[in-house]
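J.: So you can see what is in the structure, the chains are spelled out below.
2 protein chains.
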Amino acid sequence: MEGRATVSTPAALPYYVAFSQLLGLTLVAMTGAWLGLYRGGIAWESDLQFNVHPLCMAIGLIFLQGDALLVYRVFRNEAKRTTKVLHGMLHVSALTIALVGLVAVFDYHRKKGYADLYSLHSWCGILVFVLYFVQWLVGFSFFLFPGASFSLRSRYRASHIFFGATIFILSVGTALLGLKEALLFKLGRAKYSLFEPEGVLANVLGLLLACFGGVVLYILTRPDWKRPSQAEEQALSMDFKTLTEGDSPGSQ
Amino acid sequence: MEGRATVSTPAALPYYVAFSQLLGLTLVAMTGAWLGLYRGGIAWESDLQFNVHPLCMAIGLIFLQGDALLVYRVFRNEAKRTTKVLHGMLHVSALTIALVGLVAVFDYHRKKGYADLYSLHSWCGILVFVLYFVQWLVGFSFFLFPGASFSLRSRYRASHIFFGATIFILSVGTALLGLKEALLFKLGRAKYSLFEPEGVLANVLGLLLACFGGVVLYILTRPDWKRPSQAEEQALSMDFKTLTEGDSPGSQ
Chain A
1 MEGRATVSTP AALPYYVAFS QLLGLTLVAM TGAWLGLYRG GIAWESDLQF NVHPLCMAIG
61 LIFLQGDALL VYRVFRNEAK RTTKVLHGML HVSALTIALV GLVAVFDYHR KKGYADLYSL
121 HSWCGILVFV LYFVQWLVGF SFFLFPGASF SLRSRYRASH IFFGATIFIL SVGTALLGLK
181 EALLFKLGRA KYSLFEPEGV LANVLGLLLA CFGGVVLYIL TRPDWKRPSQ AEEQALSMDF
241 KTLTEGDSPG SQ
Chain B
1 MEGRATVSTP AALPYYVAFS QLLGLTLVAM TGAWLGLYRG GIAWESDLQF NVHPLCMAIG
61 LIFLQGDALL VYRVFRNEAK RTTKVLHGML HVSALTIALV GLVAVFDYHR KKGYADLYSL
121 HSWCGILVFV LYFVQWLVGF SFFLFPGASF SLRSRYRASH IFFGATIFIL SVGTALLGLK
181 EALLFKLGRA KYSLFEPEGV LANVLGLLLA CFGGVVLYIL TRPDWKRPSQ AEEQALSMDF
241 KTLTEGDSPG SQ
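Quick mapping for you: the protein sequence lines, in order, are chains A and B. Read in order, the letters of the first sequence are residues 1 to 252 in my numbering. Read in order, the letters of the second sequence are residues 1 to 252 in my numbering.
So here's chain A without its partners, still in its complex pose (with noise of 0.2 angstroms):
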């Protein structure tokens, strides 16, 4: 706590919190459920490859990227450096997972012959992915690096949670078109509008990503839920010398 005093909790707030992480643990036990029951599972050869696409999108750019949204609501109690890692560290796991089902995807496609980046799908995947690399490398500078003035952090901080909070929105508009695109592929409209098993599953699917991203943005947005003021400004404050020597500047 480093001598802070403790920040309350709003009552309602772990409930939320409880509810969000239930919808994300469903989202992704439901991708898993749906390439097991309708896909053939997942490997990294043959045409199960592709599966590891949507599996890991689910866990990194949807479940994971909202959690490390929460990192500063959740543990309002904890030490700031401490948050701030740990927010730092859940985007890293989000953007490698992601990677990973970025490789499988175009390695399937050139195993397959497919053509790469046609559809609105891929184009919005990439400009989610170059759009979340761009906004870690900057907030790593301002946040976590030596160099960015006090003044600057306060400036900049706004703009890294708005475009924070649209890169998870695009990131959770980007898996339901994917979705949409890998239903109408196999079913066509034709077995799709017979409400098949697995349209239904997958539409299921596609509410319960829609909600998770609504629940995450709320518990994210709401004011009277944000880190109150002075811990929040202490935390944005800590640069690499209080990093290593454990030590903050006061607030302003």
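FYI, nobody ran anything at the bench for these hints, they're computed from the structure. Among the clues, some could well be false.
It does not matter which identical chain is used: a pair holds within one copy or between any two.
[Claimed, not checked] No more than 25 angstroms apart at the CA atoms, straight line, and that leaves these computed lysine to any residue pairs for SDA-like:
(1) Lys111 x Phe195
(2) Lys111 x Ser193
(3) Lys186 x Glu45
(4) Lys191 x Leu127
(5) Lys191 x Lys226
(6) Lys111 x Glu196
(7) Lys112 x Val200
(8) Lys111 x Ala190
(9) Lys112 x Ala43
(10) Lys226 x Ala115
Chain A is already provided as a structure; the job is to place chain B on it using the hints.
T.: Leaving out everything else, chain B in the frame of chain A:
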């Protein structure tokens, strides 16, 4: 101005608003171009009736709904009653035009003997309609009708803004799913992956939709572009009395 001091407009705001309008008008025009060039145009009969659906949704649920969200940011110096009534009227227009689009697609399905509500796009679409209608009713009851106390309005305000933004995001996501669906029903994977002109145009339209959503949310959420607290509270405190008598309760 009702004797209220003029609130200064942030220097960059007009440029962002102009950019959002450029994006919005371009996406509506491009939807028209897509339907005209590749889908035979628009009519309330034959197969062309379907085309009423995407055009109405682009105008109503995307462009007008987006603009309705921006009213409090754009008209910072207008009388609060004007701003509030404009906000409500834009939403009514958006909902009405979207309803025409909804009737068009159900009527088209009925005539062609197609199933209804089997796809993720349709599930999300119905969700958007229900949420949008409820949000409008609750918003109207709290902010334009007498009865709700000042404190009740203040407490509801954050939820109104969050759900407004969420419904808008869900509308954009649903439009992307619909665009993808219309594309894959016609082109299939084979033609889509050959970078057919219609596919490329629809992809660009999809990116435009996402960009319009992003710019609207940026303008809406940028902290220093919020309507100043006093003006905002006055706007929210307007009740039926102020609508009819041209008076408003003092700020708290």
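J.: So, for every hint listed, does it hold in this structure?
T.: Status of the hints after comparison with the structure:
Only between protomers do Lys111 and Phe195 lie at most 25 angstroms apart by alpha-carbon distance; the minimum there is 20 angstroms, versus 32 angstroms within a single protomer. Within a single copy, Lys111 and Ser193 get their C-alpha atoms only as close as 31 angstroms, which misses the 25 angstroms cut-off; across copies the closest is 16 angstroms, which meets it. When the C-alpha separation of Lys186 and Glu45 is checked against a cutoff of 25 angstroms, the pair qualifies only within one copy, where the shortest distance is 20 angstroms, while the shortest distance between copies is 31 angstroms. For a Cα distance limit of 25 angstroms, the shortest separation of Lys191 from Leu127 across copies, 23 angstroms, qualifies, whereas the shortest one inside one copy, 32 angstroms, does not.
Proximity of Lys191 to Lys226 under the C-alpha cut-off of 25 angstroms is found in neither arrangement, the shortest distances being 46 angstroms within a copy and 48 angstroms between copies. Taking the shortest alpha-carbon separations for Lys111 and Glu196, only the inter-copy value of 23 angstroms comes in at or below 25 angstroms, while the best intra-copy value is 30 angstroms. Only between protomers do Lys112 and Val200 lie at most 25 angstroms apart by alpha-carbon distance; the minimum there is 22 angstroms, versus 28 angstroms within a single protomer. Taking CA atoms no more than 25 angstroms apart as the test, Lys111 paired with Ala190 passes between copies only; the shortest distance there is 17 angstroms, against 29 angstroms inside one copy.
For the homomeric pair Lys112 and Ala43, the shortest alpha-carbon distance inside one copy (15 angstroms) is at most 25 angstroms, but the shortest distance between copies (42 angstroms) is not. Taking CA atoms no more than 25 angstroms apart as the test, Lys226 paired with Ala115 passes in neither setting, with 45 angstroms inside one copy and 45 angstroms between copies.
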